[in-house]
Amino acid sequence: MEILTLLIIPVITATACVFIKKHSISKYVSIAGSFIAFVYNIFLNYNVYTYHTLSGLNSFFYLDALSILSTQIVTLVGFAAALYSAGYMEAELHEGVFREKKLRWYYFLFHMFIFTMLLVCVSNNLGIMWVAIEATTLATTFLVGFYNKKPHQEAAWKYIIICTVGITLALFGVILTYHSAKGVIGEIGYALNWSELITVADKFEPHLIRLAFLFILIGYGTKAGLAPMHTWLPDAHSQAPSPISALFSGVLLNCSLYGIIRFHILTSKCIGPDYSGTLLMIFGLISVLVSVPFILIQKDYKRLLAFSSIEHIGIIALGFGFGGMYGVYGAGLHAFNHAVVKSLLFFCSGNLFLKYKTREIENIKGAIKTIPITAVISIIAIFAITGTPPFNIFVSEFMVLADGFSSGSVLSIVFSSLLVIGIVLIFIGFINNMFKMIFGSPTTDIPRGEVSKFTIAAMLFLLFFVLVVSIYVPPVLNEILHNIYDIVRNA
Amino acid sequence: MTEQVIVSSRTIDILAVLMLMMTIVLVGTSRLRTSIWAYAIRSFLLTWVSGLIAYFSGIHHIFIATGISLALKVIVIPGFLFYIVNKTKVKTEVESVINYTLSLLISCGLILIAYYSMQSIIKFENAFMGHCLPVSLAITLLGFFVMIIRKKAITQILGLLAMEDGLFFAALSTSYGMPLIVELGVFFDILVSVIIMGIYVYRIKETFDSIDTDSLRELKE
Amino acid sequence: MSLTSNIVLPILQLIVIVGLAPLVKGFINKIEARFQCRRGPSIFQPYYNLIKLLRKDAVVSETASWIFRATPYVAFVSILIIALLVPVLSSCVPLNFTGDVILIIYLFALGRFFLALSSLDTASAFGGMGGSREMMISSMAEPAMMLSVFTVSLAAGSTNLGNITSAFLDSSTLLLNPSLFLAFAALCIVIIAETGRIPIDNPHTHLELTMIHEGMVLEFSGRYLALIEWASSMKLLILLTILVNTFLPWGAASGLTFSGLIISFALYVVKIGFFAFLIVILESSFAKLRLFRIPNLLGTAFILSVLAIISLYVVG
Chain Y
530 MEILTLLIIP VITATACVFI KKHSISKYVS IAGSFIAFVY NIFLNYNVYT YHTLSGLNSF
590 FYLDALSILS TQIVTLVGFA AALYSAGYME AELHEGVFRE KKLRWYYFLF HMFIFTMLLV
650 CVSNNLGIMW VAIEATTLAT TFLVGFYNKK PHQEAAWKYI IICTVGITLA LFGVILTYHS
710 AKGVIGEIGY ALNWSELITV ADKFEPHLIR LAFLFILIGY GTKAGLAPMH TWLPDAHSQA
770 PSPISALFSG VLLNCSLYGI IRFHILTSKC IGPDYSGTLL MIFGLISVLV SVPFILIQKD
830 YKRLLAFSSI EHIGIIALGF GFGGMYGVYG AGLHAFNHAV VKSLLFFCSG NLFLKYKTRE
890 IENIKGAIKT IPITAVISII AIFAITGTPP FNIFVSEFMV LADGFSSGSV LSIVFSSLLV
950 IGIVLIFIGF INNMFKMIFG SPTTDIPRGE VSKFTIAAML FLLFFVLVVS IYVPPVLNEI
1010 LHNIYDIVRN A
Chain F
152 MTEQVIVSSR TIDILAVLML MMTIVLVGTS RLRTSIWAYA IRSFLLTWVS GLIAYFSGIH
212 HIFIATGISL ALKVIVIPGF LFYIVNKTKV KTEVESVINY TLSLLISCGL ILIAYYSMQS
272 IIKFENAFMG HCLPVSLAIT LLGFFVMIIR KKAITQILGL LAMEDGLFFA ALSTSYGMPL
332 IVELGVFFDI LVSVIIMGIY VYRIKETFDS IDTDSLRELK E
Chain R
380 MSLTSNIVLP ILQLIVIVGL APLVKGFINK IEARFQCRRG PSIFQPYYNL IKLLRKDAVV
440 SETASWIFRA TPYVAFVSIL IIALLVPVLS SCVPLNFTGD VILIIYLFAL GRFFLALSSL
500 DTASAFGGMG GSREMMISSM AEPAMMLSVF TVSLAAGSTN LGNITSAFLD SSTLLLNPSL
560 FLAFAALCIV IIAETGRIPI DNPHTHLELT MIHEGMVLEF SGRYLALIEW ASSMKLLILL
620 TILVNTFLPW GAASGLTFSG LIISFALYVV KIGFFAFLIV ILESSFAKLR LFRIPNLLGT
680 AFILSVLAII SLYVVG
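Protein chains in written order, with the numbering used here: chain Y, 530 to 1020; chain F, 152 to 372; chain R, 380 to 695.
You may find that some hints are simply not true.
[Said to hold, decoys possible] Calculated pairs, SDA-like style, for lysine to any residue (alpha carbon to alpha carbon, straight line, at most 20 angstroms): (1) F:302 x F:241; (2) Y:679 x F:356; (3) Y:630 x Y:620; (4) Y:711 x F:369; (5) F:371 x Y:892; (6) R:409 x R:420; (7) Y:631 x F:339; (8) Y:679 x F:360; (9) Y:679 x F:369; (10) Y:678 x F:363; (11) Y:679 x F:366.
To be clear, the hints were calculated from the coordinates, so they are not data collected in a lab.
Work out the full structure, taking the sequences as your base and the hints as a guide.
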C-alpha cells in the first residue's frame, strides 16, 4: 500500500495541474506535489532500510535497495525540477514564448513523466517495467517538442522513433526471459516477477538468457544513452526545456540503466557475471570514449552537457561491469552524484539561456557579472562533474577506477586506463568550453541580475546534496549502496 | 503428436509464412497505401494465429488479447494511418534509399539469418510450430530494415509496427503470450505511441511541408 | 506395370494434353473477353487457327538455315516428351523410368534454346530482340523454378513427379508445409513468366517494342507457326498440370481403374479451369510491367524459392 501511495501522488498532482488554468497557482501545486513525493520517499527509504525489501499490492510492487536508490533520485531531482520549472517556465511565459494554456499540459506531462519513472523502479513484474519504460518515452515526446519549432520537432521525432525501436528490441529480451522462466516456474501469472525470477534464475536455459540480455542491453541501452545507440540523446536534451533536460539526464537515463542492471543480475545468476559484466564494460567504455571528441569540439553548451551524460552513464555501466565491491558501490553512488550534479548544471544552463537567449558557447561571455549566483554555482558544478577533488563525483569515479585496477583481470585494467584518459580529456574539454562563458566581460545590452528566485532555490537545494555527499556519504545512502552490492553479488 | 496437433501446428506455420510474405510486401512496395494494407492484413493473420492458439490451448486470457488485437491492430491503427495519409495529403510514392532488388536481397539475407540463428532453438523445441520463432525474428528484422531504408515518416511507423508484431508473435508462439496485464500494457503503449507519432507526422508535414525524414537534419554537430 | 499402363496411359495422356491445350487457350481468351465486356471469339477458335495454319504454305526467309526449319519440330517434340513425364490423370507416369523433374526443366530449356537460335537465324531485328529478352527472363526464372522444384522434391523425398504426387496423396499433412507454400508462390510467378502471360509479357501484342515471345516467333508461318503455337499452348497446360498435381493432388487416381480415371479427369478439368480462371483475373487486373521492372518480380520469385528451401532445411 505504501508503494501505491508513492505512485498516486504524482498522478494526482498531474491531474490537478490540468484543471488549474493560472500558472501562479499551478506552479505551487506542482511544487507541493513533488515535495510530498520526495518526503514520502524518504519515509519509504527508512522502511527499506529496516526490512531490506518491501512489496505491495499482491506482490505487484517490489522495493529493494536498488529500486529505492532509483526512486530516491527520481523524487529528489523531480522536486528540484518542479521548483526550477516554476521559475523557468514563468520567465518564458512572460517573454511570450508560449501561451499559458500550454503550461497545463507541461505540468501534466511533467508529473506523468515522474509517475512512469517511479513505476519503472517499483514494479516487480519485468513486463510492467518494460511498459513503464516505454511509457516514459511517450510521456516525454511532447515535452521534447514543447516549443514546436523545426528543431524541436526533429528532436522529438528522432527521440520517439529511436527510443521506441530500442525498447521494442528490449521487449524481445523480456519475452525470452519469460519463455525460459515459464519452463522453470510454469505458473503464468508470476513468471515475470523479479522476486520469483531471482530465486530460480540458475535453472534458466543459458543460451536463451544470453540472447535475452543482449537484446535488453541494446534496447534499454538505447534509452539509457549508451553509445552507439545514443544518437537521440544530444538532440532531445538540447531541445527540451531545461528542467526536462535535467530530468532526462539525471533520472531517465538512470531508470533505463536500472532495467539493464536487473537483467544483469538475472544473467549473472544464470551463467556467471562474466558475460553480462563484460558487455556492460564494453558499452560503458564505448560511451565514455564516444563522448570525448564531442565534448572537446562542442559549440552548444546544452549538447555538451548531454554528451557528458553519455560519459557518466558509461562510467556507471563500467562500475557495474567491474562488479567488485567498490565498483558496484561506486556505480550506485555515481548514479546519485551524477543525477544531482548534472541536473544542477542543466539548471545553470537554463539560467544562461534565459539571460542570453542562445545556446552557442561563443555568444556568451561574462556570466559571472550578469548572473553571479548562477555562475558561482556553475563553477562548483563544473568542477564536480569533471571529477575534481574534493567533490562527490571524484569519490565515486575513484571507487569505480579503483575496482577496475584492482580486479586483476587484464581487460578491466585496460578499460580503466582508457577510462582515465577519457576523463582527463573530458576535463580539458569542459574547463575550456564552459569557463569561456563564465568569465570575460559581457556585452553591454545584457541586463544584470538573476531571473527568478525559484531557479536559485532549486539550484541551492541540489547544491546542498552535492556538498553533503562530497564531505561524507550519509548512513542511509551508505546502507542502501551496501545492500545493492549484496543484491548484485548474491546473484 | 496426434494428427490434429500436427494439422493445427502446420496451419499456424503457414499463417506465419503468410505474415512474413506481407512483411516482404512492406519492404518491396513503393506505395504508401499498399504498405498500410499489408500491415492490416498481417495484423489480421496475427490475430487469426492468436485465435487459433487460444482455441487449442483453451487459455482464456489469449481470447481477450485476440479480441483487443483485432480491434486495435486490424481496425484502429490502420484506420488511423489511412486518416493521417489522407489528412496530410502526401504523395503516396515512397522513396527508398536503396533500390528494389538490393533491398529484396538484403531482406532475404535477414530472413536467412533469422532462420539460422533460431536453428538450435527449433530443434530443441521439437519442431512444433517450428516456423514461428524464425518468422517472428525475421519480421522484427525486416521492420527494422524498413525503418532504415524508407524515407517517409509513415513508413517508419509501419516498420516499427512490424517490429512490434514480430515480437508479439514471438511471445505468442513461444509462451502463449505474456501475462494479461503485461499484454494490456503493451497494447496501450503501442496505441499511444502510434497516435503520438501520427500527430508528429502531421506537425512535421505542417512545418517542413514534407514528411521525408531527409528534411530532418538540422540537428547535428 | 501391366499392358494397360504401358499403352493405354501414354495414349490417354497425350490425347488429354495435346487435345485439350488449345481449348485451355480458347477458354482463357473467351473469359478474358467477357471480363472486358466483349463477346470474344469462340472457345474453339485456337483449333480453327491451327487447322488454318496447317493448311497454309510456310514462307521461309532465304537466309535461314536448317535450324529455322528444325526449331518447330524440336519445340513440339520436346513438349510432347514432357507430356509423358508428367502425371496427368493418375500418379503413374508413362516415362517414369527415363527421367524426372530435372529432365523436364531441361526439355523446356531445349525448346526455348532452339526458338532463340531460330529467332537470330533470320536476321530479323525483332526476332533478335525477342530472343534476347526471352533468354533474359528465363535466365532469371530458371533458378527460382529449380529451387522451388527442389523444395517440393525434398519435402516429398523424390524428384520424380509421379512419386511426388503419390507421396502427397498418401500423407495429408505432408502438403501442409509452409515451405511448400512459399515454393508454390514462387512457382506461380515463374509459370507466368515461362508462359509469357501478363504482367511479364502480353501474348496478344504485336507492338514492336513490347513483344517478347511473339517477337521471337514473328518469322514463322504456316505449319511451322502452327506447331509452335500448339507447343506453347501445351506448355501452358503442362505447367498448370504440374502445379495442380503437385500442390492439389486430391482426386488423382492412384490405380488405373476406369471409374477412377473418369473421376480424376473431371476433377482435373475443374482444377485446370480454376487456375485458368485465376490467370484471367490476373491478366485483367494488372498492366504489363515495363521490361526493366521484370527482374523485380522474378527476383521476388527467386527469394521466395530460396526461403522455401532454406526454411525446409532448417525447420523440416
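Okay, the hints, checked on the actual structure:
no., hint, in the structure
1, F:302 x F:241, "13 angstroms, holds"
2, Y:679 x F:356, "11 angstroms, holds"
3, Y:630 x Y:620, "15 angstroms, holds"
4, Y:711 x F:369, "47 angstroms, violated"
5, F:371 x Y:892, "19 angstroms, holds"
6, R:409 x R:420, "6 angstroms, holds"
7, Y:631 x F:339, "25 angstroms, violated"
8, Y:679 x F:360, "11 angstroms, holds"
9, Y:679 x F:369, "8 angstroms, holds"
10, Y:678 x F:363, "17 angstroms, holds"
11, Y:679 x F:366, "10 angstroms, holds"
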